[in-house]
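K.L.:
Chains as they are written, first to last, in our numbering: chain G, 20 to 312; chain A, 27 to 339.
No wet-lab data here; the hints were simulated from the structure. Only a predicted model underlies this, so the values are computations on that prediction, with no experimental measurement involved. Do not take every clue at face value.
Subject to a maximum C-alpha distance of 30 Å in a straight line, what follows is the list of computed DSSO-like cross-link-like pairs (lysine-lysine) [claimed, not checked]:
1. G:Lys24 with A:Lys144
2. A:Lys145 with G:Lys27
3. G:Lys124 with A:Lys42
4. A:Lys331 with G:Lys124
5. G:Lys299 with A:Lys254
6. G:Lys24 with A:Lys241
7. G:Lys237 with A:Lys84
8. G:Lys210 with G:Lys119
9. A:Lys145 with G:Lys303
10. G:Lys303 with A:Lys144
11. A:Lys254 with A:Lys142
12. A:Lys254 with G:Lys27
13. G:Lys210 with G:Lys299
14. A:Lys332 with G:Lys125
15. A:Lys241 with G:Lys27
16. G:Lys80 with G:Lys237
17. A:Lys241 with A:Lys144
18. G:Lys210 with A:Lys145
19. A:Lys254 with G:Lys303
20. A:Lys195 with G:Lys59
21. G:Lys27 with A:Lys142
22. G:Lys203 with A:Lys42
23. A:Lys142 with G:Lys303
24. G:Lys303 with A:Lys331
25. G:Lys153 with A:Lys84
26. A:Lys42 with G:Lys125
27. G:Lys210 with A:Lys144
28. A:Lys142 with G:Lys299
29. G:Lys210 with G:Lys303
30. G:Lys59 with A:Lys188
31. G:Lys125 with A:Lys331
32. G:Lys24 with A:Lys142
One-sided and incomplete, this derived list gives chain A residues near chain G with beta-carbon spacing under 7 Å [as the list claims (entries may be wrong)]:
33. Leu153
34. Ser158
35. Val179
Beta carbons: idealized from backbone N, C-alpha and C, even for Gly.
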Amino acid sequence: MKRTKGEKIFEIFDMIILLIIISTIILPIMHIISVSISNKEAVLNLSIGIFPKGFTIEAYKDVISRKTFLSSLCNSIYLTILYTFFSLLVNTMCAYAFTKYFYGKKYLNIFFIITMYFSGGLIPTYILITNYLKMHNTFWAMLLPGIVNVFYMIIMRAQIEAIPKELSEAAIVDGAKEYQVLYKVILPAIKPTIAAVGMFFALDMWNMWFSCMLYTNKESMWTLQYFLRMMVFNKDLNVDRSSKIAISIDRNNIAPANFQMAAIVLVALPIVSIYPFIQKYFVKGILVGSVKG
Amino acid sequence: MEQLVKKAYVNLNKVKFNPGRDIPIYFLLLPAVVLVIIFNYMPIYGIIIAFQKFSAFKGVFGSQWVGFDNFKYFLLDENFWRVFRNTVIINIYQIIFGFLVPIIFALLLNEITRNKFKKVIQTVSYLPHFISWVVAAGIFNSILSPTNGLVNVILNELFGIKPIYFLAKQEYFRSIIVLSCIWKGFGMSSVYYLASLSAIDTQLYEASYIDGAGKWRQTWHITIPGLKSIAVILLILQIGSMVSIGFEQIFLMYNPLVYDVGDVISTYTFRLGIEQTRYSLTAAIGFTQSVINFILLYAANMLSKKIIGWSMW
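The whole structure should be built from the sequences, with the hints applied where relevant.
P.N.:
What follows is the structure, encoded as structure tokens:
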């Protein structure tokens with residue numbers, strides 16, 4: 020097909036529209052970065068668009084030097100690693116088991132599927148975790164409830180089922196034990212799926228703040244996202260926390276907007292800098308999910 | 027092939043208990059089963075507090091039964107109907123606009139022949155999906171802020187409009203919520219459509235070109251029909267999760283000034299349940315919410331079976 024002149028003009032228009040759409044993502048980010056590094060006077064004069072006025076990294080220094088920021092960062096890293104590891108372990112074990120025949124498979128399958136459609140809701144879960152399991156102010160409350168994910172489990176199960184049976188049969192003929200089959204044949208074959216699902220788990224936990232708000236009142240147990248929430252949206256904080264934050268900002272002689280934008284940039288930075296490299300797993304993951312689910 | 031599947035199915039029903047084969051499998055399943063019982067089934071059992079006057083002292087087993095009193099209470103409460111209305115309105119907006127934007131974006135992107143440009147645009151469009159709602163809401167909060175907000179700076183410099191406190195204005199709040207949701211999701215949602223677009227047979231385009239069809243006719247008669255099934259699937263999934271979506275962004279961005287238009291069932295439940303500890307009442311609301319959710323999912327599924335012959339069950 021030869022491209023006509025009309026088509027070329029169309030493509031240029033198309034590119035312009037796409038650039039406008041994408042600028043709704045780029046411009047706000049430029050704005051945030053500009054405010055975070057602009058001088059205090061410029062910030063207080065309320066005139067910063069997408070380019071910074073002046074240059075200072077005081078706000079960044081202030082955020083990084085906070086004990087809560089560092090502990091929140093550590094908590095987030097720690098929780099993300101633990102959660103990803105245990106979720107993958109539990110869900111892969113379960114997915115593998117479901118590719119076999121065993122007594123009660125049909126009922127256990129229903130047992131898991133039901134949880135995709137019914138849930139107890141926020142309040143019963145909250146009461147269970149705080150009043151009955153006494154997990155208030157522990158990391159267990161943030162980790163355990165989300166470990167089993169039936170949706171991801173079904174994806175992995177479908178991927179394992181897609182492996183030719185001959186592969187594991189050949190291994191068994193060669194004298195491999197059941198666990199060796201899992202370890203040497205199945206796992207390597209579904210490596211890309213495990214990577215994709217693992218990324219989903221990691222992102223979920225990295226971006227988690229709601230469970231943190233529900234189940235802890237200790238500042239030392241905050242996650243990074245919750246730290247940001249407390250810094251930026253402190254309108255409905257209880258009085259002593261908000262005043263503490265306000266006082267510390269004044270003392271440092273930094274405009275609050277400076278400080279908040281710097282916090283947003285720092286919290287977003289890790290994920291924004293690695294997502295271009297991991298996005299292909301997500302694209303693959305959601306496409307597999309849409310075919311199987 | 028079909029016979030094979032049938033055979034496997036029959037076998038499944040006839041499987042007898044065989045300790046040597048089954049016990050190792052049960053060990054593999056054990057952790058997941060235990061976690062699901064504790065964190066999924068026990069809360070489902072906990073819904074019974076919706077029919078009690080729950081007190082933390084007496085617990086789930088000792089509290090007084092009150093029948094449907096909690097349900098009567100919130101059904102007669104005008105606050106509940108306010109948040110119910112908001113939930114429906116915001117979700118309908120979200121479904122209509124949130125549904126169209128990724129399709130349009132995918133169609134626009136599909137026409138681009140420069141691969142490098144395409145790749146960059148696509149990668150940038152995924153960015154909002156990866157950041158948390160806290161960061162996204164923080165960004166929206168600051169670009170809309172009356173002091174230093176990008177939107178106000180632009181309005182002021184181009185049109186001389188005085189700063190507007192968007193997040194405190196009832197007339198803007200719902201649009202902001204819907205826009206922020208679209209902003210965060212359109213890039214990733216377009217992935218489904220782009221995948222379907224690349225699956226369309228290029229021979230169709232060539233044949234229609236020979237027959238003299240222009241770009242628009244091709245889009246209308248080949249491209250759009252090619253997207254139909256994935257679009258219906260995504261629409262159904264979205265309708266199915268209608269009552270529960272929207273908590274995080276609304277909770278982060280709303281304030282008492284916009285409760286009248288922005289407060290939804292999930293945020294209302296949170297304030298009432300967690301902050302005011304009215305457990306039984308909110309469990310009753312939560313239960314109603316799950317039931318509505320399930321009915322919607324079921325209805326949407328039936329509909330899709332009829333329209334495109336695809337269903338989740």
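K.L.:
If a hint holds in the structure, say so; if it doesn't, say that too.
P.N.:
Structure-based check of each hint:
| no. | hint | verdict |
| --- | --- | --- |
| 1 | G:Lys24 with A:Lys144 | holds (21 Å) |
| 2 | A:Lys145 with G:Lys27 | holds (19 Å) |
| 3 | G:Lys124 with A:Lys42 | holds (11 Å) |
| 4 | A:Lys331 with G:Lys124 | holds (27 Å) |
| 5 | G:Lys299 with A:Lys254 | holds (25 Å) |
| 6 | G:Lys24 with A:Lys241 | holds (13 Å) |
| 7 | G:Lys237 with A:Lys84 | holds (27 Å) |
| 8 | G:Lys210 with G:Lys119 | holds (19 Å) |
| 9 | A:Lys145 with G:Lys303 | holds (15 Å) |
| 10 | G:Lys303 with A:Lys144 | holds (18 Å) |
| 11 | A:Lys254 with A:Lys142 | holds (28 Å) |
| 12 | A:Lys254 with G:Lys27 | holds (28 Å) |
| 13 | G:Lys210 with G:Lys299 | holds (14 Å) |
| 14 | A:Lys332 with G:Lys125 | holds (28 Å) |
| 15 | A:Lys241 with G:Lys27 | holds (12 Å) |
| 16 | G:Lys80 with G:Lys237 | holds (24 Å) |
| 17 | A:Lys241 with A:Lys144 | holds (19 Å) |
| 18 | G:Lys210 with A:Lys145 | holds (25 Å) |
| 19 | A:Lys254 with G:Lys303 | holds (21 Å) |
| 20 | A:Lys195 with G:Lys59 | holds (28 Å) |
| 21 | G:Lys27 with A:Lys142 | holds (17 Å) |
| 22 | G:Lys203 with A:Lys42 | holds (29 Å) |
| 23 | A:Lys142 with G:Lys303 | holds (20 Å) |
| 24 | G:Lys303 with A:Lys331 | holds (26 Å) |
| 25 | G:Lys153 with A:Lys84 | holds (16 Å) |
| 26 | A:Lys42 with G:Lys125 | holds (12 Å) |
| 27 | G:Lys210 with A:Lys144 | holds (28 Å) |
| 28 | A:Lys142 with G:Lys299 | holds (16 Å) |
| 29 | G:Lys210 with G:Lys303 | holds (13 Å) |
| 30 | G:Lys59 with A:Lys188 | holds (22 Å) |
| 31 | G:Lys125 with A:Lys331 | holds (24 Å) |
| 32 | G:Lys24 with A:Lys142 | holds (22 Å) |
| 33 | Leu153 | holds (6 Å) |
| 34 | Ser158 | holds (4 Å) |
| 35 | Val179 | holds (5 Å) |
Violated hints: none; the structure is consistent with every hint.
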